[in-house]
Amino acid sequence: MSDTTNLTLRLCVLAFVSVLVQITAVAQVRIFGVNADLSPLVVAAAGFLTGALPGAAFGFGVGIFVDLAFAQTLGVSALVYVLVGYGAGRVRELRAPEAPFTPLALGAAATAVASCGYAVLEFTLGVTAPVSLLLVRDILLTIALNSLIAVPVYSLVRRWLIPALPEDPRRRRRRAYTTGGLSPLSRS
Amino acid sequence: MHDKTVRRRRAVLALLVVVSLILISASVGGSGGGALHTVQSGFLDVLSPVETGASKALTPVHDLFNWVGDVFHAAGQRDKLRKELAAADAEIIALQAKQHASIEAAKFQHMDSTLQLSPDAPVQASVINQPESLWVSHVTINAGSGAGVSVYDPVIDPDGLIGTVTQVAPDSAIVTLINDPSSGVTARDSSSREIGSIGPQPGSPGELVMGLVSRPSEVKVGDLIVTAGERATQGGSLFPPNIPIGQVTGVPAAGSAGGSILVAPAADLTSLDNVQVLTRLPGA
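Protein sequences appear in the order of chains P and S.
Number 188 marks the last residue of the first sequence (our numbering); no jumps.
Number 472 marks the last residue of the second sequence (our numbering); no jumps.
A couple of the hints might just be wrong.
Stated by the list, open to error - What the simulated footprint calls covered on chain P by chain S, stretch by stretch (three residues with Cβ under 8 Å from a Cβ of chain S suffice, anywhere in the stretch; the number is not a length):
1) 9-23
2) 45-58
3) 74-80
4) 160-166
Said to hold, decoys possible - To be clear about the criterion: a stretch of chain S counts as covered by chain P if any three or more of its residues have a C-beta under 8 Å from a C-beta of chain P, and this derived list gives those stretches:
5) 252-258
6) 289-297
Hints are computed from structural coordinates only; laboratory data are not their basis.
By construction, the Cβ of each residue, glycine as well, lies at the ideal position given by its N, Cα and C atoms.
Produce the complete structure using the sequences and hints provided.
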């Protein structure tokens, strides 16, 4: 099985499982009056690890899945998550941040973009909800809550996708430095 | 090669955005909306069993999270209820204070009308300082010379006589209580009409002693002791007659030469609140 097929399969499984967990467990747990939202975290993590193009495609798929599962206006979440996945991928391609808090900042930014983008689109589509302090409070609390779980979610996504990812040149360089250019297995 | 990659990436992004917008338009608008809703409901039909199964499997997980949430919620409720309880307590205290004040006012009114103290121009006052000490037998009240209070004015509370004004300031006065060693009140046994002088019982601030009684054997336990309406000392306070002072709790044994007549004060001298100063006594 080629790396691309493997990655595609893993992304499909990831999308299905993450949305399922979101629907069945996370959406039913309210902390400080709000729900955590796994989808932007998973999309951003996948986009960050795989790149802008796969990230956008993955975001589109997760968005369609979310819209279908939650019986929402079809395409709204897809559009938002396309931008989240693409943006996360571009961050990796342009900046390649390696700071320890990168997953946390990425999760917070992805949640902020997703929440605000979703709200803007819904208002544009004519949802008659007031722009109240309650909405702002909910968005801020969701961002805070998602920031708390961003690091473990990123770790899980990374662990799931890394076998299908092309080897990172920096990782390859580090291994070459520590093992003298050879895998420990090949040396023995 | 790089340009090709960039163009491809941008094209795919644009394609995904356009597809999303088409889906939104179709979903919101009329054309194609029915088909999309059919797809959506079909998807939900397929997903429902999976969702139900996963929901059951993950029940312990979201029960755990809900339990954590409930704990925080309960803590918030506890704090809110504590605040409500504190507010209710404050309200109860205020109501009880009002009730106490109105009961005392009624008692004062009753005493004033019974003893005809109205001509004595009673001035209402509150005790603002009552030292908690065995060695101190005076209190400070919040009425002074500005209210017509002067030295030697008798002071009563709803239960009876409590003392005499000994120092006066414009807005306050010091009242020396009847259990102070310097105090002396001419008193009468309301039953036998025997006259004596009420003073403190040394070493027992909660008791009084009635001395200088010519026929102590006439005084019985349970007799009420009231003011006699005469000066105890030259230039001292003139108390209106028949203000309750206390009740006899002990008398000397029959035939004994010594012994004291013990009197329990009618007023609780350790817990004074609202008092009246009798400011305009005839002949004072």
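Identify every previously stated hint that the structure contradicts and give their numbers, smallest first.
Per hint list: 4 and 6 violated.
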